[in-house]
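A.B. asks: If you want the building blocks of each chain, they are given just below.
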Amino acid sequence: MTLNARIWWTAGSIAVTAMLVAAWQLVATYGNIPPVFLPGPDRAWSALVHGFSGGDLSMLTLATVKRMVYGWALASLAGIVLGAIIGSSRIAREYVAPMLEMVRPVPVSAFMPVVIAFLGLTGNMVLIVIAIGSVWPVLLATVHGVSSVEPRLVEVSRCLRLGRLQTLWKIALPNAQPDILAGMRIGLTVSLILAVIGEMLTSENGLGYKILTSARAFQSADVFAGVILLGLIGLVSNLALQEIERYMLRWKRR
Amino acid sequence: MRTAKGFLLPLVLLLLWEIGMRASGLQSDSLAAPSQIAAAFWTALLDGTILRRTGETLRAALTGLAVGGGSALVLSIVLGLVPPAARLMQFSIEVLRPVPAVALIPVAILTLGFGYGMEISLVAFATFWPVLIYGQAAIVNIEPQLIDLARVLRLNTFGRVTKIVLPATLPRYFVAFRLATAVSLIVAVTVEIAANPLGIGHELMTAAQSLHPDLMFALVLWIGLVGWGLNGLLLFAQRRLFGAAGASVGVPQ
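Chains as they are written, first to last, in the working numbering: chain A, 1 to 254; chain B, 1 to 253.
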């Protein structure tokens, strides 16, 4: 497809989205739905503008983003370190990896009541749940990436008399890089989800808490404004990580 | 031998946990010994609580999966067979997909109230996207010669879908639905923990809040078992039905 045609198709698909928003507006304005249930895009937009200019929306967004990023960074670091240790040792792989596979199918949110029981309804608890939840994709991807090194590369490292640490650093981890980055992208999605639920359960300040209280007060425009912001956070963070991934893996495309 | 090694570490940890709890004589509101957890699990299993609550969760999860996955199946076939429509819908899909299903919990409470309705719609929203994305990738990957064949045979659209597209993409759709089943269980339990007074997630939350750590751990374990069993069952079916065709399915971006 030529560049020109691609631009036209993109413009067309944005126009379709605009038409969907317009349809939402028409339904909200002329449809027989009580405004408490379905605010139009106009009211959601004014709730957004209002929240950012005079209200606390920017502070709440920042709180949620911070929580998500901190928990995710913690999880990624722990996942890569643990994954490298487990993946590079045959003994650890045989004894520890099956247990990780056993824990994985437990929905992460099920750990939340357990962590609450230990730490109470605090901000730290949310952070730890985010870290526990988003560590799995990174951890398992690292184990897989580190342990599935091309056999010839392993022979090369043996010929060069590389030590275990050097093999890990120079051969196994670069080999695992695509897996790790893909795992981190999934982990970021998980951490946003857990940040929202954590805020809902603990009443810690943030968008998750905000939309829940707004729903209880029947302020549907504020609820939609919060949902739109959360969608934007998800979209932007995913796009940013995709770009970082593309940049860091540029050596693979050659 | 390999599996035996895998079980060694969990068993040792459980044993240490049990010994530690007994030796210290710890009375805790948040921790219970493995033996107490097993006892609580057995009681809750016998009096029917666990099975009833699991039934509620599975009912919501699978109904939501049928609604969300089913509509995604139809849409992905339409978008797969009509490329211009796929290109026109692309932006809308990219914008809607990153909205976390849990962010819609308050919206669902507001419009539908508590109960099956809200949980089913949230599961439907969450399972819609993976099936749609995998489905579109499946249709793009159909052997071009099969499409040519359909043209040579002068099949109409209905015949093309039922005789060529569906049989060729069935293994991939099965994988998509298997992954979406895991998503549906996760979302259902999460919604129950966060808000909805229904199912195994709510039972877990109640156990935690009424300071019954034994039952709490038993339920966490049980939820994991259900997810594991469901996935294992579908994986078995996938191998039986499709063999190598299902195993080769890659993950579309």
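Simulated from the structure, these hints should not be mistaken for lab results.
A portion of the hints provided could be inaccurate.
[Said to hold, decoys possible] Pulled a few chain B residues facing chain A out of the computed Cβ check, cut under 10 Å:
1. Pro10
2. Asp29
3. Ser92
4. Gly159
5. Arg160
6. Ile164
7. Leu225
8. Gly227
[As the list claims (entries may be wrong)] To list a few chain A residues with every Cβ distance to chain B over 12 Å, as calculated:
9. Gly55
10. Arg158
11. Arg161
Note that the coordinates shown come from a computational prediction; the quantities given were computed from them, not determined experimentally.
All residues carry an ideal CB built from backbone N, CA and C; glycine is no exception.
A.B. asks: Confirm or reject each hint.
C.D. replies: Hint by hint, here is what the structure shows:
Because the smallest distance between the Cβ of Pro10(B) and any Cβ of chain A comes to about 5 Å, under 10 Å, the interface hint for this residue holds. Nearest Cβ of chain A to the Cβ of Asp29(B): about 7 Å, under the 10 Å cut. The hint holds. Proximity of Ser92(B) to chain A holds as hinted, the smallest CB-CB distance being about 5 Å (cut-off 10 Å). Contact between Gly159(B) and chain A, as hinted, is not supported at the beta carbon level, the nearest pair being about 29 Å apart and thus beyond 10 Å.
Nearest Cβ of chain A to the Cβ of Arg160(B): about 24 Å, over the 10 Å cut. The hint is violated. Interface hint status for Ile164(B): violated, as the beta-carbon distance to the closest one in chain A is roughly 25 Å, over 10 Å. A least Cβ separation of about 8 Å between Leu225(B) and chain A falls short of the 10 Å threshold, and the interface hint therefore holds. For Gly227(B), the suggested interface contact is upheld, since its CB lies about 4 Å from the closest CB of chain A, less than 10 Å.
Every C-beta of chain B lies more than 12 Å from that of Gly55(A), the closest at about 17 Å, which supports listing it as non-interface. At roughly 25 Å from the closest C-beta of chain B, the C-beta of Arg158(A) stays outside 12 Å, upholding its exclusion from the interface. Look at Arg161(A): its CB is around 30 Å from the nearest CB on chain B, clear of 12 Å, so calling it non-interface holds up.
Hint check: violations occur at hints 4, 5 and 6; the rest are consistent with the structure.
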